[in-house]
Amino acid sequence: MINPLARLLWTSFQHPDTGAFTLENYAAAYGRWRYIDALINSVVVGLAAALACVVFGVPMAWAVSRTDMPAKGLVWAAILGTFIMPNYLGAVAWILLAGPNAGWLNRAYMGITGAAAGPFNVYTMTGLVLVIACYSFPYMFVFTRSALDLVSSEMEDAASTLGAGIVRTTLRVTLPLVLPAILGAFIVEFLEAIALFGTPALIALPGRFQVITTTLWQMFEFPPKLQVAAAYSMPLLLITVFLFWLQYRIIARKGFVALTGKGGERRLVRLGPWRWVLLGYCLFVTSLSFFLPMLVVLQAAFAKAWGRGFSLDNLTLRNIRFVLVDQPATRTATYNTFLYAAAASLIALVLALAIAYIVARRLVPMARALSYVAMAPFVIPGIVLAIGFYAAYTAKPLVLYGTAWILILAFATRFLPIAYTNSDAAIRAINPELEDAARILGGGRFLTLRRVVGPLLKRGLAGAFILVFIPATRELSSAIFLYTTGTQVLSVLLFDKSDEGNFELLSSMGLILVVVTVALILVGFRLVGRDFLLRRTAS
Amino acid sequence: MSKLSLRGVTRRFGSVTAVEAFDLELQSGEFVSLLGPSGCGKTTTLRMIAGFLAPSEGTIEMDGQVISSPASSLPPEKRGMSMIFQSYAIWPNMTVAENVAFGLEVRRRPRAEIRTRVDEILDVVQMKALAARYPQELSGGQQQRVALARAIVVQPAVLLLDEPLSNLDANLREEMRYEIRRLHDEFRITTIYVTHDQAEAMVTSDRIAVMNGGRVEQVDAPRALYARPRTRFVAGFIGRTNFLDGEVRGATVAFDGFAIETARFTDPAALRGTVSFSLRPQSVALHAAAPAASDRTALILGRVVQRAYLGEHWDYAVRPDGGALRLRVTARPHEVFEVDARVWLELDPRQMAPIE
Numbered sequence: 018m019i020n021p022l023a024r025l026l027w028t029s030f031q032h033p034d035t036g037a038f039t040l041e042n043y044a045a046a047y048g049r050w051r052y053i054d055a056l057i058n059s060v061v062v063g064l065a066a067a068l069a070c071v072v073f074g075v076p077m078a079w080a081v082s083r084t085d086m087p088a089k090g091l092v093w094a095a096i097l098g099t100f101i102m103p104n105y106l107g108a109v110a111w112i113l114l115a116g117p118n119a120g121w122l123n124r125a126y127m128g129i130t131g132a133a134a135g136p137f138n139v140y141t142m143t144g145l146v147l148v149i150a151c152y153s154f155p156y157m158f159v160f161t162r163s164a165l166d167l168v169s170s171e172m173e174d175a176a177s178t179l180g181a182g183i184v185r186t187t188l189r190v191t192l193p194l195v196l197p198a199i200l201g202a203f204i205v206e207f208l209e210a211i212a213l214f215g216t217p218a219l220i221a222l223p224g225r226f227q228v229i230t231t232t233l234w235q236m237f238e239f240p241p242k243l244q245v246a247a248a249y250s251m252p253l254l255l256i257t258v259f260l261f262w263l264q265y266r267i268i269a270r271k272g273f274v275a276l277t278g279k280g281g282e283r284r285l286v287r288l289g290p291w292r293w294v295l296l297g298y299c300l301f302v303t304s305l306s307f308f309l310p311m312l313v314v315l316q317a318a319f320a321k322a323w324g325r326g327f328s329l330d331n332l333t334l335r336n337i338r339f340v341l342v343d344q345p346a347t348r349t350a351t352y353n354t355f356l357y358a359a360a361a362s363l364i365a366l367v368l369a370l371a372i373a374y375i376v377a378r379r380l381v382p383m384a385r386a387l388s389y390v391a392m393a394p395f396v397i398p399g400i401v402l403a404i405g406f407y408a409a410y411t412a413k414p415l416v417l418y419g420t421a422w423i424l425i426l427a428f429a430t431r432f433l434p435i436a437y438t439n440s441d442a443a444i445r446a447i448n449p450e451l452e453d454a455a456r457i458l459g460g461g462r463f464l465t466l467r468r469v470v471g472p473l474l475k476r477g478l479a480g481a482f483i484l485v486f487i488p489a490t491r492e493l494s495s496a497i498f499l500y501t502t503g504t505q506v507l508s509v510l511l512f513d514k515s516d517e518g519n520f521e522l523l524s525s526m527g528l529i530l531v532v533v534t535v536a537l538i539l540v541g542f543r544l545v546g547r548d549f550l551l552r553r554t555a556s
Numbered sequence: 103m104s105k106l107s108l109r110g111v112t113r114r115f116g117s118v119t120a121v122e123a124f125d126l127e128l129q130s131g132e133f134v135s136l137l138g139p140s141g142c143g144k145t146t147t148l149r150m151i152a153g154f155l156a157p158s159e160g161t162i163e164m165d166g167q168v169i170s171s172p173a174s175s176l177p178p179e180k181r182g183m184s185m186i187f188q189s190y191a192i193w194p195n196m197t198v199a200e201n202v203a204f205g206l207e208v209r210r211r212p213r214a215e216i217r218t219r220v221d222e223i224l225d226v227v228q229m230k231a232l233a234a235r236y237p238q239e240l241s242g243g244q245q246q247r248v249a250l251a252r253a254i255v256v257q258p259a260v261l262l263l264d265e266p267l268s269n270l271d272a273n274l275r276e277e278m279r280y281e282i283r284r285l286h287d288e289f290r291i292t293t294i295y296v297t298h299d300q301a302e303a304m305v306t307s308d309r310i311a312v313m314n315g316g317r318v319e320q321v322d323a324p325r326a327l328y329a330r331p332r333t334r335f336v337a338g339f340i341g342r343t344n345f346l347d348g349e350v351r352g353a354t355v356a357f358d359g360f361a362i363e364t365a366r367f368t369d370p371a372a373l374r375g376t377v378s379f380s381l382r383p384q385s386v387a388l389h390a391a392a393p394a395a396s397d398r399t400a401l402i403l404g405r406v407v408q409r410a411y412l413g414e415h416w417d418y419a420v421r422p423d424g425g426a427l428r429l430r431v432t433a434r435p436h437e438v439f440e441v442d443a444r445v446w447l448e449l450d451p452r453q454m455a456p457i458e
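Residue numbers (the working numbering), protein chains in the order written: chain Z, 18 to 556; chain S, 103 to 458.
No lab work stands behind these hints: they were computed from the structure. Positions of the beta carbon are idealized from the N, C-alpha and C atoms, including for glycine. There may be inaccurate statements among the hints.
[What the hints assert, rightly or not] So, partial list: chain Z residues that the calculated Cβ filter (under 8 Å) puts toward chain S:
| # | residue |
| --- | --- |
| 1 | Glu-238 |
| 2 | Val-390 |
| 3 | Leu-451 |
| 4 | Arg-456 |
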């Protein structure tokens, strides 16, 4: 983790041929209008997407947490479904839905109005923003909802007894109490959006505009301009680190009882007929993010040709079989995906567990510093991490590029924070006195770990494994820089095949990922409980 | 030779000194409590004895062997002690019987012996019927009994208890105090008991070490500690008391509003300069009329300023004439005095404990 970052920084100042110290890379990176333009695009997309997330996520969070809106279970399931879809699969779905002319929405519009062309075009800035927002608003929902869940009704009652109505109470008391959570989530959404690679690559490139991540990717087209890319990734890294620090400060600020207070008594707000309006809104948003995309992905995955529509004679299992059995490239990629993800999860978990244990029991001096190292990848965009890995492991002393290990290690590093927060929570839940008791009765440290700590950690760790495994199976932004022929994973292959326009195949690959994810989540529910996935562990 | 001895044991955390120059000798089979308010260093001391912490200065010896010193500490698992924790620390992944058997398994006792000894000890703590239960299925008191059984079954060289009753409700706590003492009388294990509850310490202990701010204030048997506290802290911490500050003037000690001849105190020769005493509320008698004078007691005229009836006794506050002092006096239920009534206070100077 440290080595790739140090290399990244060093490389950004290095002359491509001589290796001498130079600022040329920075000049090259920021000297062209095209590159600056991409930077600006990224910021615009990030802000707009984060804003859209607020519009999508906050009303839904309020509806689910504080009101008597019906069908909350359905809304909740749809949000979970949204969360499960890899963002690039969402992008593929939206190309099917809102591609110019051939997209389902355009065809429906033309069918209804008889117009010659549909109004929707996904290959635009607006399209990109909306698609990104569709697949990142679950964070906003979860952050806001867990804050709302902590607001006691007594706070609202206090306002009501002073004569404030529902609307006034909600706007003046409830929302301000959860504002830090919303702000925190806004920052996370912004960072997500600017670090995203899959969706912009699928939408922005055909739409003929660039963002930071796609620009970085193009710098790696032959011949790779590693040094320039390293220099160009610096603002992404710095913005991210700064904003995460800011988010930490906002969340940590005192005076917002919503984040610290006890639950207290909670009653739901009675909305009357308005609850149907709110439900309509929730279903509208989840239709955009989940129901419609899932429908078209399913259709395409099982269709001979997706354009021929929903008829029975268009049904086939050929695509799925093609991916899993017939085509060697996809078969290998499927196998690689799960193998690498499993290996990466295992490495991340073992490392995280060791660090968490050392930190919690203060086995070595300066143990706290270790925990910062474990959490650091959280603030490093995947794409920057990948470039760092590329810089560090394509040259001696350790050449990993071209092997599976570079992908596995990159995945393990990238998701180490998830493994760490979960391991840390699991270990903190074990009272140290349980270990002390074993030791004073004559058990050594190792025996104590085996007989007491190990058995107690089992369930929590199974959950943590799943939480690392799921994102590792779908990781695209770091894989895209590190794969070579033979070490492709499904996400990379899916992206590679996207310019062939074979959407049936893309959908099938995406669907396989979704099905495996759902299966794992069900296992997680059984092991750990219903809220294990969308908990607020991010901060 | 003493079983356990602590010599000048000091523990610092950064710039904070948690325990300072702690000296204590324990005889084999003795039950000693470390009593003090929270943060006084008693748990730190216990954890040093257990081997979870090393002292910054000083040594701990067991049976004449140094087991803890700043240079090297025997790890806890090599000390042959056992410990009962505030949280009981019953392992939730093992049944009651498995919990109790753990220490014996670690000591590699034969399987048959383990079974009989676990059975026996569970019988002693009245938990035999629940041997196959998991800890989550037990009440707090039952978990406490399992913890006791698990600690005793290995016949430890020293038994350490860290506030073992603080998580129980009041009734159960009182019952378990006697249970702990009963088990001690039965097995005679050298025991160190950490608590902040003076009643607990008095019920269970042979001797009590009162700690304050990392230092030992006094080590004594419960009765001596109550009757003869040596410091202001001990006098105030163990039971309720009155503090009387006076000045020796020739053959009398002058207090605020009254004076007592030095000859009437236990050790007149030791009295010089300014002196302080602790006087228990029940060591003062109240009279409506002046009682017959005696050469043992001192008589002081005063006025009742406050009173409260507490069922088992009266709680009076009396102000001796000519001073601002308020003396707390407990009286039996039939000794009734109105507020503002004039009363004679009769006190025995030999029951006034000089304190530092």
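Here is what the structure says about each hint:
1. Glu-238: violated, 55 Å
2. Val-390: violated, 24 Å
3. Leu-451: holds, 5 Å
4. Arg-456: Result: holds, 4 Å to nearest chain S Cβ.
Checked against the numbered hints listed earlier, the structure breaks hints 1 and 2; every other hint is satisfied.
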